[in-house]
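Last residue of the sequence shown: 202 (the numbering used here), numbering continuous.
Be aware that one or more of the hints could be misleading.
As the list claims (entries may be wrong) - The calculated label-pair distances, taken between Cβ atoms and stated as ranges, are:
{"hint": "1", "residue 1": "L106", "residue 2": "E162", "range": "43 to 49 Å"}
{"hint": "2", "residue 1": "P85", "residue 2": "L182", "range": "52 to 58 Å"}
{"hint": "3", "residue 1": "R95", "residue 2": "K148", "range": "19 to 25 Å"}
{"hint": "4", "residue 1": "A134", "residue 2": "R169", "range": "49 to 55 Å"}
{"hint": "5", "residue 1": "I118", "residue 2": "K88", "range": "32 to 38 Å"}
{"hint": "6", "residue 1": "K166", "residue 2": "A102", "range": "36 to 42 Å"}
{"hint": "7", "residue 1": "Q200", "residue 2": "E157", "range": "23 to 29 Å"}
{"hint": "8", "residue 1": "E154", "residue 2": "Q200", "range": "47 to 53 Å"}
{"hint": "9", "residue 1": "A173", "residue 2": "G97", "range": "45 to 51 Å"}
{"hint": "10", "residue 1": "M191", "residue 2": "M171", "range": "14 to 20 Å"}
Calculated from the structure, these hints are not laboratory results. Keep in mind it's a predicted model, so treat the numbers as computed, not measured. Every residue gets a Cβ at the ideal spot worked out from N, C-alpha and C, and that includes glycine.
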Amino acid sequence: MSFYIRKSLAHGPIRFGVAPRAPWEEIDTDPSLSTGSAGEFLRKKTKSFFLANARGASVISPVLPTDKGISATPFHKSVVDGTRRGWIFLAVMILGLIFILLGFAVISRKGAQGWVEVILGAAMIATPLVMTAQARKQIKEREEKERAEREAREKRHREMLASYINALDELRRNPNDITMHALARERQQLE
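Could you build all of it, start to finish, from the sequences and the hints given here?
Okay, here's the thing in structure tokens:
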């Protein structure tokens, strides 16, 4: 019995089927999964097949992977991050919770004296959270600055490369000394 798998790749989602189990010797020599000249997936056998999810789906230009910044990390994993500081924060927050519970117990038995423990416990819980939020904000601002610098540098490089390619095209269309000198200037700018 065949089954279907759906997976998203760089050029979009694909869907392919896998045939029933084949003997081990046939697997290594089986060229049934292949692509055609236009990048489309071809079906070479009747038992197994491989196809794109959308007909005529073409491979788009490559995309640089995005850096996973601080925004990809959940807040609670930033507070208790497995470091010594994170474990201390966790202990302080647990101690703060104990103080809050003790404060409410004192309030229920003796009256207003328990509010001191409740306020102290709330401060013990809030301190690591506020410190982590401030650290995440600084990291996010630094990442945004680095991202903007990187995008500006990549844009400048793309523009220089585009002007070099235009100079190459001009040299191919009109081979003379002027276009050769223009190409040499563009080449020096690339370096």
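Self-check item: In rising order, the numbers of the hints this structure does not comply with
Solution: 6, 8
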